[in-house]
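> The chain contents come next:
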Amino acid sequence: MNAFKDAGHLFRLAAVFVAGGMAFVGVRAFLVPKSFGQYGHYRGNAMAEIAARPVNFAGHQACEDCHADVLEKKKSGKHVHVNCEACHGPLAKHADDPGSIQPAKLDTAVLCVRCHEANIAKPKTFPQVVSADHSSGLPCDTCHQPHSPAITAEETTGGKK
Amino acid sequence: MNITRRHMLVLLPAAAIAWKHVLAGTPEASPNYTMSEHWWGMLIDLPNCIGCGNCVRACQTENEVPDGYFRTWVERYHVTDYDIENPHVDSPDGGKKGFPPAKEAGGKNFFVPKLCNHCADSPCTQVCPVGATFISPDGVVLVDKTYCLGCRYCVQACPYGCRFIHPKTLTAEKCTLCYHRITKGLTTACCEACPTGARQLADLKNPNDPIHEFLKTHNVQILKPYMATHSKVLYNDLDGSVR
Amino acid sequence: MPGVEGFMYPNEVELQWSVLIVLYPFLTGLVAGAFILASLERVFQVQAVKPTYRLALLTALAFLLVAPLPLQLHLGHPERSYEMYLTPHRTSAMAMFGFVYLWYLMAVLLLEIWLDYRRDIVVLSQSTTGWKRLIYRVMTLGSSNIDEHALAIDERVGWLVTLIGIPSAFLLHGYVGFIFGSVKANPWWSSPLMPVVFIFSAMVSGIALVMLIYMLVTWSRKEAIDMHCVDTVASYLFYTFIIDFSLEMLDLIHRIYESDESFRSLDFMVHTKLYMSHIVVQIMLGTVAPILLLALTQVLKLSEMARKRIYVLAGCLTLIGIFAMRWNVVIGGQLFSKSFLGYTTYKMGLITREGLLVAIVLMVLPLVILWVLVKLLPPWPEKSSGSLPDAAPAH
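Chains as they are written, first to last, in the working numbering: chain L, -12 to 148; chain Z, 14 to 256; chain B, 32 to 426.
Pulled out of the complex, with its shape left as it was, chain L reads as follows:
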């Protein structure tokens, strides 16, 4: 019984530890986010929050719903698989409300070389030119129509020289 009394200070210390542990458990229950652990060791709501971000690129489906004429034109040419926003840039706002934003007119002198400027690392089969030699400074759309870039016989004779 005496040993029990002489260890009294140790019991006091143990009480401090137990109180600390209980406080921790209480605080933990209060602070852990509700959806934590719903799917795994993370906040389940995080996915919905990340998914909630608005989009900037509308996607070609949205473009083609209205601009069927351009789609038709593209079908006949090599750019058939190039999505609209690859060149025109992100236009979700325009797709939402066409009146609100007018897509800027594109400068073919800047645009076309992004893909077609010759580079040793590009696939050999990909059409590429050294723009300085190829068009002597003329913008590309002098000869090529971007939606269907091949130069037809009619356009060659009828177009500007």
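With a cut-off of at most 25 Å between alpha-carbon atoms, the simulated SDA-like pairs for lysine to any residue come out as follows:
| # | chain 1 | residue 1 | chain 2 | residue 2 |
| --- | --- | --- | --- | --- |
| 1 | B | K253 | B | L344 |
| 2 | B | K406 | B | E72 |
| 3 | Z | K110 | B | M32 |
| 4 | Z | K110 | L | V100 |
| 5 | L | K80 | Z | Y46 |
| 6 | Z | K229 | Z | H51 |
| 7 | Z | K121 | L | T112 |
| 8 | Z | K229 | Z | N249 |
| 9 | L | K111 | Z | A115 |
| 10 | Z | K158 | Z | H51 |
| 11 | Z | K110 | L | V116 |
| 12 | L | K65 | L | A119 |
| 13 | B | K215 | B | L106 |
| 14 | B | K253 | B | L398 |
| 15 | L | K65 | Z | P208 |
| 16 | B | K253 | B | R340 |
| 17 | Z | K121 | Z | P208 |
| 18 | Z | K158 | L | N32 |
| 19 | L | K60 | L | V97 |
| 20 | L | K65 | Z | D58 |
| 21 | Z | K116 | L | S118 |
| 22 | L | K60 | Z | T209 |
| 23 | Z | K121 | B | G373 |
| 24 | Z | K181 | B | E110 |
| 25 | Z | K181 | B | Q103 |
| 26 | Z | K121 | Z | D250 |
| 27 | Z | K181 | L | N43 |
| 28 | B | K339 | B | T249 |
| 29 | Z | K229 | Z | D151 |
| 30 | L | K61 | L | T112 |
| 31 | L | K62 | Z | N61 |
| 32 | L | K65 | Z | T209 |
| 33 | Z | K237 | B | F209 |
| 34 | Z | K181 | B | I382 |
These are calculated hints, taken from the structure and not from any lab test.
Guided by the hints, dock chains Z and B onto chain L, whose structure is given.
Here is chains Z and B on its own, set in the frame of chain L:
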């Protein structure tokens, strides 16, 4: 011409539901999306990559990626025929503005787009001390930026250099595989902007996805297979010198 | 790009872990080392090192209190660090930090110090006045039972705590090594030897630190240095150092001989960017030199003065060397690209949040805390004129 696109879509009920959520970006987006039905990855068809940098720019605008940091980037490889193990690689500004003419002639030259590999056994989510980064049930590695401590352990653990710390939020950032788009039935911004189809979103759980036919008929590899991360970004015709 | 040679993945250019993360394993290493030295006396009954026992415990506590500060300062969101306790991720070595740290602080170090000082605390709570009295009162937990049965119980429990404390100290620093050693993406870190090397280098640095502090404190109190004690501590330092050096060389030779895919890149780095800090400071100045100096004291019969000087010099070199080792691990591991095709540069800020100034403050802070602790709990009861009267309460 007072009929806006939104009005038009009211007339087309099937598309309307998806589109409304696409633009509004509401949390309960795309009620017809079920996580357990998807397992996302991406196909990189290397012979089609022309290094135009469209994907890098598209990613930057879609996701507001700060300058000098990259959720996706493009590398240019130059492999000489006498030292195939030590390629010369460059990626000026991540290929965001395209590539200048190569300094060295000859050898083998090609582009390699990089992005988060959305590993099924990701070393980055393994080391996160608090569960702020995780693999979603549809197979996308995401960061919960309201929970991230910014300890940077995940950045160290990624073998591919795909993570960074956002200079403003001071939390870990990475490719989300455009989670806000793919959950609404759209493709990723980089795939949408790729002019040659070198990048294609792939749903490995969808039996109708063309990826399955592609995998049967092509030489497809992943980056650093010895890291055993079960990467889900699949490279067609990958050169052995790529690391 | 400035500071970049060859090719880095674009997100790799900026270093993630700064000089503060160098400090962190350095500080915890000192804690673990100091504690292990203290436990020698307690568990293995080495009477010779007794004069350093309490001092080593207080040193360990002072450094342990500062150890998490560099981590906190480094976090992007220190205000969220409590999440590590709320939702620790089981697969993360770092998540275990909170628990190992807490275990070591509360269940080992504080407990052992409290048990060892309890008699002193009770006496002081009766002899002092004012706010000091209040502090000691709180520390007694309201129990002033210091009769010999109670003290005998304390002695037994304290011995048990020390026994648990030794593996805990190994765990504390071993897991720090594991944090680095388990990163498979980084060949400079990824090694099963890393935790072992960390533990032995921790013991080396902790022993050196306690030896230096003991000599400094005794000298400043104008008392005679117990040469038998210092000689024993120095011989421990020598033998641990040999084990540590062998392990590091084993790691090095293994890497050189295996020459795996990362070797070319790492080898180049060690010969250029890391040459000064790795070859010159860590290996030559910080390891080989102190080992040779200590070896001299082991083989030759030197005068007391010469031995003291050698111990001080070897101790200082050891601390510099171990700091360089932490630097080379943490910073070196981030200077090369994981593509093995290029290198970046670490630019240390001066007065930024993770800059040099903060690092210096964090290095000095433990010494300030130690000074306060020594004032509060004097480790030398027998001669401290009047501050600690005999057990019998006079008033």
